[in-house]
Every structure is written in structure tokens, then in C-alpha cells.
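Work the whole structure out from these sequences, hints included.
Protein chains: 2
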Amino acid sequence: MAQSQNVKDLAAARSLATFNVPDMTNYIHGSKENVEQRRYIFSLIEKEPIFQKKDWAWLNHTDAVKRGIGMSTRLAEIKMENDLNDYDYSIMLEAVDDTLPILLHTGAFIPVITSQGTDEQHEKWLPSAQKFQILGCYAQTELGHGSNLSRLETTATFVRETGEWELNSTSFTASKWWIGGLGALCTHAVVQALLIIDGKDYGAHVFVVPLRSLENHQTFPGVEIGDIGPKAYGGFSKMDNGYARFNKYRIPLDHMLMRFSKVSRDGVYTKPPHAKLSYGSMVLLRSVMIRQAGNYLSRAATISTRYLTVRRQFNNPTVRRDTTNPQLETQVINYPMVQNRLFPLIAQSYALFAAGQQMMAMYFRMMQDMSQGNVDALAEVHAMSSALKSYCTTLSGVGVEECRKMMGGHGYSYFTGLSHLFSMVIPSNTFEGDNYVLTQQLARYIIKEVKTARTNPDRVTPFSRYLIRATGKNANAFGRETCSVAQDQDWLSWEVQLAAFEHRAARLAIELADNVEGTADGNWSDHNIECYRISHAHAQYILVLWFGQAIRDATAASADEKVEGPTGQVLWKLSHLHALHTIQTHLADFVEDGYLSPGQCQSLRRQVKALVASLADNAVALVDAFDHPDFVLNSALGAQDGDAYKRLWDAAQSEPLNQRKVCDGYEEYIRPLLKRHGEVKL
Amino acid sequence: MAQSQNVKDLAAARSLATFNVPDMTNYIHGSKENVEQRRYIFSLIEKEPIFQKKDWAWLNHTDAVKRGIGMSTRLAEIKMENDLNDYDYSIMLEAVDDTLPILLHTGAFIPVITSQGTDEQHEKWLPSAQKFQILGCYAQTELGHGSNLSRLETTATFVRETGEWELNSTSFTASKWWIGGLGALCTHAVVQALLIIDGKDYGAHVFVVPLRSLENHQTFPGVEIGDIGPKAYGGFSKMDNGYARFNKYRIPLDHMLMRFSKVSRDGVYTKPPHAKLSYGSMVLLRSVMIRQAGNYLSRAATISTRYLTVRRQFNNPTVRRDTTNPQLETQVINYPMVQNRLFPLIAQSYALFAAGQQMMAMYFRMMQDMSQGNVDALAEVHAMSSALKSYCTTLSGVGVEECRKMMGGHGYSYFTGLSHLFSMVIPSNTFEGDNYVLTQQLARYIIKEVKTARTNPDRVTPFSRYLIRATGKNANAFGRETCSVAQDQDWLSWEVQLAAFEHRAARLAIELADNVEGTADGNWSDHNIECYRISHAHAQYILVLWFGQAIRDATAASADEKVEGPTGQVLWKLSHLHALHTIQTHLADFVEDGYLSPGQCQSLRRQVKALVASLADNAVALVDAFDHPDFVLNSALGAQDGDAYKRLWDAAQSEPLNQRKVCDGYEEYIRPLLKRHGEVKL
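So the sequences go chain by chain: A and B. At position 236 of the first sequence (counting the first as 1) the number is 237 in this note's numbering, and the numbers step up by one without a gap. At position 408 of the second sequence (counting the first as 1) the number is 409 in this note's numbering, and the numbers step up by one without a gap.
It is possible that some hints are incorrect.
Identical copies look the same in the list; a pair holds intra-copy or inter-copy alike.
Stated by the list, open to error - Calculated pairs, DSBU-like style, for lysine-lysine (alpha carbon to alpha carbon, straight line, at most 30 Å):
| id | residue 1 | residue 2 |
| --- | --- | --- |
| 1 | 662 | 682 |
| 2 | 201 | 125 |
| 3 | 54 | 67 |
| 4 | 55 | 80 |
| 5 | 662 | 132 |
| 6 | 682 | 263 |
| 7 | 682 | 67 |
| 8 | 80 | 682 |
| 9 | 9 | 54 |
| 10 | 647 | 249 |
| 11 | 610 | 449 |
For the record, the hints were derived by calculation from the structure and aren't laboratory data. On a predicted model such as this, the values are computed, not experimentally measured, just so you know.
Below, the structure written as C-alpha cells:
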């Protein structure tokens, strides 16, 4: 078969790039070594039969869980066979591209024992956990409770006679629910339960609980376990999210993790020295989710960009770019409407990658500080990770579905790969802190910072220093502040953009602080809409800041792996587009206090359009640079070679219905209907 | 088992209503008779085994198609047994709640033959089609072409020797694709193909094409058919969307539908008298989609409202409403953030219902006019239906997913019912005219109207009369126009709201018209972002207008089935909330030319919050009034009795995994891993 027009189109678009794609890939993933390691790890997964994805579309939850178990155990074996570290393991998971029953074993079971267990407890469980001789999950959520730990209804009651704990599900709604790994795979769980001694409730604590026999995998008496069934959009289908109920189930005293809180053999309870020492793992999880948000969105943008490059519809001479064959219709990606929807999502992907890296770095710095007894950064890092998790995962969820919709009719096929991707990204909007509830963290933090800015500006933390220009002796000038843009070109300044984001965040923060202060205590809930607004405003400011910093650092003369001129130039364009498109999307916030004038609004819209148009030649190269292999994309329409129609056709051939000459149900249903009123001659 | 707290909570919330729910239901569905007929038709479906939904979550596409065939044929039988008309049939489909292979038989095959066939052709096919002795689908879209009919690659070539048509798929991308009913069920199709006589292309025409033998259901030689495989999010799984290729496949001359265009036995082609006579069916389809958009959103709002009423989390004394049991946590629906997300969606549902009814009425009036030779309304109705389809289905798609997210963790379970609903609503954003492309219809129309307003204002059509205040001698005053609101209370005026929507739509229309005029011809694509803005702005204006009119008519002294005082009052609150929340969502449009001042923006936000809070007592009653039975909602969390946790538990028990003592894959996968490093004693 001759090379299809699709393949030619993608190759031609690729050749238009003004920058060096491998350079850009190194920038995105941090270094050349990272890129090579990532490819190597991907190759380990891609060659394994159990990780092939061809039949995923047809697996229902029941069958998918068995596959998930097989994938889980093979993943553990590969990790051990290759002696891979946690980072490599996380790349394996990127290649596997599905949630698996084993995820929480390394993602929560081992980390919780590590951070909250004593040295003896480490010795007891960690070696066998690391060798996968036991498999664990993390059981917090119940049927009736998610966020509110203090009202959990699973209890661990101290039994004075034997010095044991008795676990009980004290009500119907006490059933542990949603627990990944619990339904089928795990032998153990760390369980959050209310600690009760002599009728006194000491709040939620963590216990290591054996669930299933290591000999025959049957649940122990007193433990009732099941799977909670299918999830929305066919997501998490290979994950055995489960439920568990405990009925007077006894475990030894030392199964309570006692690094911080302790209970002695005679039932004396000792409080932890620091209340917030366990925040670290929440910050880590949220930082990972921010990185993932960029990864998911960049995959969707890759698929959409490639398909829209090869899809042609209508022949519009004013927007066509290729002049060689005027018979051909216009490539869809050349329509300005499409570019104005798609290219900002490419820019967002780049911004999210930068944010993910900075957030991870910030987390590691904080952990290092904390290991030396310095907890100064904890409050800011926790607030930042909450705000960014909420904003970035929201952006990613919306963006992935937008990429699918942009693909028009064929976008509704499973074979785009975007259906699976959406089902993976969208739960991130509601778990690990619901994206709305979570914004209260940043809001509470920023209100404190407003107070600090007013009373002791020197002590304002780095990322809320924008408050200083709006408080104290600066307050009056701030009220009159306006944007300095005089002509369209002026928008192309990182400083101008930052000034706008700072102004808007400062205004919203101060309005919130004043409103909360000005009203009776205890009506915090009334301000939650404003909490959401300031949290996202702050997150947007941070994204613009960090993306610019990342480019500045990568293009600095002293940079280790310096990004060369043209690559830096296109990165700055992306940064400008990301910043200005974000302003445009939330324009009211910038206009309603007079910071932007009507003329500046029009000018902004023009500049966004101009930036979008200026990226057209680089679109395909920009998504190529993410370096997502076909195995990961698993998309008929977004593959590297661009052969979209051929691949869509081939994918359809794998439908089992097409192996039959006449469909199931003909004799049973169709024929009787057709013959109900006798024969017809046509 | 005692009555659960969940059940008590929903009953208590229900009892707070300030209006009469049956009155409201009659208003929503048009009359008491409609409500009773709807319930009767629902009962016909609910009692049939083939329409039960309990195992839907586990059916993959392959198995689902067989179910879809069984449901299709039973649907046809029930229609015949009960002699149901088209309207009743559409209510059956609402109860069935899934896309079925038979849908296009009555939805397109019969209507296309009816509207485009001659009397002889009616006689040939319609009686057997109506008795389901033949089953048809509608084959337009191809692998390579959706919207652009003139570039279809399926040809019907006139064979002079025999007077037949020879159908050919002239390229790989000519394969018909996405055709509902084609993959498994249908015996016939109406096929869009380019009509070729003596090498001359006369453009796309419609042909009735036999596909499968009426004796054994095998495809005829020259016809190749298959199923295109699974769709995104598990949607349309029971639908056999198929592909077809034709290889020199001959059909008789009179299989071309010849009511408008004709070809004689000697190959002489006659053009149709009117180019746009076939627009009617597009308008109908889009009008139905607008009605459906309201139906889908109202179902999601029902589920979410009920669940959030029974879900309790944290004990927040400032927002709790029930004082009887201070031990209980706060009902989630009482948090202002939740109310401010949820109640505007309830209001939107009501607005969409009103729009659906008005649009259908407008369509029927137009068809009556056209049957008397009057085509005056066609252009306006076509533009309106395009704008409203785009806006309303977008709103509904976003709203359904927002309802799911509001439900937090449990919202990701399949058993919410919202996963299925989303998969049903979301393709409406890209089919029957992509929601972005479609906005060009209204834009083209409104540009013409701007010209008319400037030259001959008396001839401006009814729904764009707002242009007159912005053109001609009014133009200067328009530029200085500002909103009249002086205090929060002033926002509660339909006239004030309409004035704002009119001002904004007029401004955007005139800006677009001037820009298009001011630049070189042929660069229409450059303005498509602005087309999108004006189209949605116009649609929002129409929704506010029609919703208010519907309430005014229903509460008028002369109304047949008058809505009583309290019902009318709460309807006006919904109308205000819908209008003001829409302004708030698109605030920049109203601010950036100075129509709203900073103070008015703040005032608007306060009034939206106040309206939301004032609806709290009526929330459950307002969704009850939609009258969606449990069978249709198919939701563990949103059922009429509110017993959410119990139903979620019961649903999980139906998971086949839970029928096994030890999971599949234990011996094969888990045990070898656990034993890989020998025994462990814990």
C-alpha cells in the first residue's frame, strides 16, 4: 500500500519545526539521561505480553481485575529482576497506563509503615513487603466518611485482658469503601480506625491488619471483603477497589503504628510530639498528581494535534498552508478556531510540566529541611501543593475532554485513546482532597499572610510577597493600579503578565481577608466561593512564575544543558500564550476593578490570536517533543506515523462482532420481527 | 431494618417545599395529560424483562449489541401492539435510556423517504418500513468526511445500458462510517452518494439501498459491512455503529429518492426547485436535542441533589439546617459552595425545558407555514436552532459531569447513573453539527440582520430586534449604555436582565459585522472565535427570554392550567438565578465595554449568592418535580427514597467478583509472587 496522504501530511507538518525536538524533549524531562532512562524503562514494559492493550476496550470490570492482578505481579517481578528504584517504578507505571491492584502497596502501604512505624515495626513488615511476600493496601475511606477522619466509624478498641486491639465496623456506614487493592489482591492493610481505650476516643490512628491467609488467600474470620463494582467511564477497571467490614477482629498491640502516638501494654496512651508531621506524604501525593496532570494533558494534546493535522475537511483557500495540491481539502488544524482551542492546551501542558518539576523539587527541599528539624516551609508548601493540585488537575481534566471534542465525530470512538485517558485523569478532581474543598487550604494560608503583610511585611513567605504591594503604605496606590500595556506587543512581557496576576491575586486575597474579618466568626463556609477564586488565582500566578523561571534557567548561559536559541524562543511564546490565554479565560477578574481597560481587553484578545497563529508551524514538533511513544498513547488517531484512517480501520477489525457472518440475535429477535406481518417483496 | 438516616433526611428535605410539586410537574411537561401519558408509557417499558438495566455495567460492546437488538425488536413490537404515535415512541425511548440499533429506522430512514421520496416511492417502502418488515438506517458520514457533503467519496454512477445505479466506494476513506443500525441490524439504508452521469458530478443525493437478504440476513455481494467497535466512555454500547463499502453494487433507477431532484431512464437530470427544502429535518433533530439537553441535565441534577441531601460530612453548626439531632454531621447540600454549584444547574434545567418546548413549537409553526408555501421563517428558525443546539448541549454536557463531581468520592462509582448519562449526552456536542462549527450559522444570520437593522429596521426578524437599539440613530446612545442596577435588589427584574443580554449580544454582533466588513473577503475563518461568542450570547438571551415568557404565560390569569402563586414565585426565582448566574459566568462580556461597573459586579455576585440561598428549602422538591422515575435514573445514589448507602451496597453485591471465595488469578499470579522468596512468618 502506498504511503497514505495522512502519513505525508504529518511528515510535512513535522518538517516545519523551527527548533530542535530532542533539545526540547531534554528540557521537558529534565535531562538527556532522564529521557534515555524513561525510554529504557518503557521498553521493559512494552515487550511483555501481559501489558499489551489491544483487548482493553472489551474487558468488563470482572475480567479486567484478573488482568490487573496479572499485571500487578509481573510489575513486581520486573522491579525485583531489574532492581529498579522508586523513580524507575513510577515510569513503569506511566508505561503501563492503568491503575492496578498493587499500586497502593508501594504508594501507601510501605510509605505509611515507613513514616509512622517504629524501628521494630519496620523490621517486622518492611523486608517482606519489599519482597512482595505480603501485599498491602491503605484503608481509610468508609461508606459514610471520606474527608472527615474524626468521624470514622471503624474502631480499634484496646482489650485490657489480652493487650490486643479489637477491630469493629460499628455501623453499616462504617464499611471501608473504595480501598484499592483490597477487593482481590492484598493480604494486609493499614487501616485508619478510631482508637478507643476504656471507652475514651483518641481519634483516628493507623493499624497494620492481616486480611487474608498467606497460605490460601482466604479472608480471616471476622473480616468480610468484597469488590465495590465498576467505576464511571470504565475507569479504574483493573483496580479491585474494595470494601471491608470487621466483626470483633483481634490484632496484636504492636500492630498499631507507634512512631508518633504510642499505647503501652497497660493501656496508657502517649500523644505525638508534632501534629503535622504526617503532612509530608500528602504533599508528595499532590505533587505527583500535578506532574501527572501535565503528563495526561500532553498526551491528549499529542493525539489531537496529530489527528487534526491529517484530518482534512472543506477546501478553504484562505487558511490552507500547503499549496502543492490545491485539490486536497484544508487540514483541520489550519482553521483558526481549532488553533485557538488546541494551542493553548499545548502551552498549558508545558506550563504543567514546569509546575510539576518545581513542586517536586520544593517537596524534596522541604523534606530535607524537616529531617534537620526545620518545619518553617511546611505551611507554605502544604498550601501551595493544595492550590496547585486543585487547579492543575481541573485544567487537565477539562483539557483532555476538550482535545477529544476537537476531534469531531471520530473523537467519540474508543480508539482515540482519549476515553481511557479521561477516565484516568478525572478522578484526580475529586480524590486526595476534592478540588473545591481543597482550595480552602490556600485561602486560610493567604489570609494569614495578609495579616503578616500588614503587620510584619518582612516575614511574608516568598510566594505571597505580591501581597506587600497591596497593604500598608502601598494600599492606596494599589487601588489605583492599572495595567501598563499600551499596544498589543506590550503583552509579550513576562513581567507585565506577572504584574497582572499579582494584582488580581492580591486584590482577591485582601477582599477575602477583609470579608472574613468583617463578619461574625464561624461563617467560613459563606466565603468558600471566594476561597476557590483566590486559590485558583494564586495557582495561576505560580504557574506563570514557574514556567518563566524554568525557561529562564534553561536558557541561562550557565545552564548545564542549555536550551539553544530557537528552542528558547518557542518556549517563551508558549509561556506568553499560557499566561495571556489564562488572563483571557478569567478576564472578569482583571477587568472588574478597572485594572484592565476595555481597550486592553481587545488588545489582549488580538495578541492571543496572534500568538496562536505564530505557533502553527511548530505544533506537531511541540507535541512530538513530549516523547510519548505509541505504546503509551494507544491511539489509532494519534500515532507517531499519522496513519489515522488506516489504524482506525484496523482497530475496528478487532471487534469480535466482525468475526460473524450474521449477528447474534438474528434468529432470536430480528427474523421474527421481519416476518411478523408476512413476507414482503421489494 | 429500621428506616435509615438517609431516608429520613430526604423525606425531611422534601417536606420543606413551599410549592405544590404536581403543579410544577404539569408546568414542566406542558399539562397534566402529558404527565399521565408519560407515566403510562414508562410503565410499558419498565415491566419488560429485556429493558432491565441491572447488568448494563458489565456488558462489553460485543454483548451489548445483542442486547440492543433484542431491545430494538421488542420496542417495535410494543409500538405496534399499542399502536403508539411518534410522540409516545419518543417517550418510550426516554424510558429505555440507551441508543439502539433501531433508532435511525424511525429517526431518519422513514423520515428521509417520506420527505424526499415520490408518492410511488412512499408506496414502495413506507408500508413495509412502518410494519418493520424492512429495517433501515441512514448512511451519510464516511471515514474521511463528515460535514462536507460535496466531497463524499461514495459514488452512484448512472449505468446507461441498464438504467441502474452502480454504487462504489471509490477510495479507502470512502467507507461509510459511524452509521447507527448498520453494523448488525438493518436490511436497508438510505445512502448519501455523489450522483454521476456520464462522468459529470451532480453532488450528493439520496438512494435507498438493500444491504442484507430478507431471508437469511447475509449481506449482498458487492456490500461489505462491519461494526466500528466500542465508543468513548462506554457510550452507545448497544448501538451497532457500522461501516460499509460498496463494490460495483447495482441498484435500480427508482432507488434514487426523486421528490426534488430527478433522473430519467435516459439519464437526464432535473434540479430541485428549492435548495433549502430539506432544512426542516435538521431543525427538527436539533430541536429534539435541545429538549433532550434539558432532560439529561435535569436527571443529573435530580441524582446529585438527592444524594447531597443525604450525604453528611463534618459538623458545621453555622450551615446546618436541622436542629433536631446536633450529633449528626452537616448535610453536604447545606454548604454554600455546594449550593452555588448545584442550584444554578437546577435553574438551567428549567430554562432548557422551556427552551426545548418553545423551539419545538417554533418548528411546528414553521412547518405549517412552509406547507402553505411560506418559507419566511426558515432562515431565522434554522439559525436559532443551530445556536441553541450548540449552547444547550454544551451546557448539558458540562452540567452532567459537574453534578457527578459534586458527589465527591462516590461520584466516581458507575452506580451513580451519571457515567451512563454523560456517555449519552456528550456526543451531542459533536454530532448533528459540531458545537463550534455550528455557531457560524447564527453568526452569518446575525450579520445579515445587522445590515437590515441599519438599512431597513422594520424588516429585522423578531428575535434580533435588539440590534435596532444599537444601530442607526441609536448607535451613539448605545455606546454609552450602562446597566441601571443601583442596589442588589434591582437585579431581580426580568427586564433588567434582558436589557443586559440584549446589550451584550448587540455589541458582539455589531463588532463582528464591522470586522467582517472591514477586512478582505474570504477570511471568514479568522472570525470564527467571534462567531462562537455571538452565537452563544444570542442563545443565552433567547433562553432568558423564553424561560420568562413561559412563566409569564403559565401564571397568566387566562392560562388553561394556571400555575398557582407559590409555584410561580419559585419559578421566577429560578429564572432570575439562571439569568444572573449566566451573566456572572460570562462577566467579562458585560464589563469590558463598561456596561457594568465594578460595583455592579460585586452586587451581582451578592445577588446570585442570595438567590441560591433562598432556594435551599425547595431544592429537593424542584428536582422531584422533573418526575424522573427510579427506573429511568438507574442510580443507587439518586433514587426517590434517598436510601443511598444501602442501594450502593446492594449494587456492589451484584459484582460477579463477589461470588467467588478467592479471586481468579490467585493460583496463577498471586501465590507464585508471595512464595517467590520463600515462606514468611508474621
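Hints and how they fare:
Only within a single protomer do residue 662 and residue 682 lie at most 30 Å apart by alpha-carbon distance; the minimum there is 23 Å, versus 57 Å between protomers. With identical chains, the CA atoms of residue 201 and residue 125 are at most 30 Å apart within one copy only, with a shortest distance of 29 Å there and 84 Å across copies. Taking the shortest Cα distances, residue 54 and residue 67 sit within 30 Å of each other both inside one copy (14 Å) and across copies (24 Å). Taking the shortest Cα distances, residue 55 and residue 80 sit within 30 Å of each other inside one copy (24 Å), while across copies they are farther apart (40 Å).
Taking identical chains as interchangeable, the C-alpha atoms of residue 662 and residue 132 lie at most 30 Å apart only when they sit on different chains, with a minimum of 26 Å there against 51 Å within one chain. Taking the shortest Cα distances, residue 682 and residue 263 sit within 30 Å of each other only across copies (25 Å), while inside one copy they are farther apart (86 Å). For the homomeric pair residue 682 and residue 67, the shortest alpha-carbon distance between copies (27 Å) is at most 30 Å, but the shortest distance inside one copy (51 Å) is not. Only between protomers do residue 80 and residue 682 lie at most 30 Å apart by alpha-carbon distance; the minimum there is 23 Å, versus 67 Å within a single protomer.
In the homo-oligomer, the alpha carbons of residue 9 and residue 54 lie at most 30 Å apart inside one protomer (27 Å), although the nearest pairing across protomers, at 47 Å, exceeds that limit. Taking CA atoms no more than 30 Å apart as the test, residue 647 paired with residue 249 passes between copies only; the shortest distance there is 22 Å, against 60 Å inside one copy. For the identical chains of this complex, residue 610 and residue 449 are inter-copy neighbours only, at 25 Å across copies versus 39 Å inside a copy, given an alpha-carbon limit of 30 Å.
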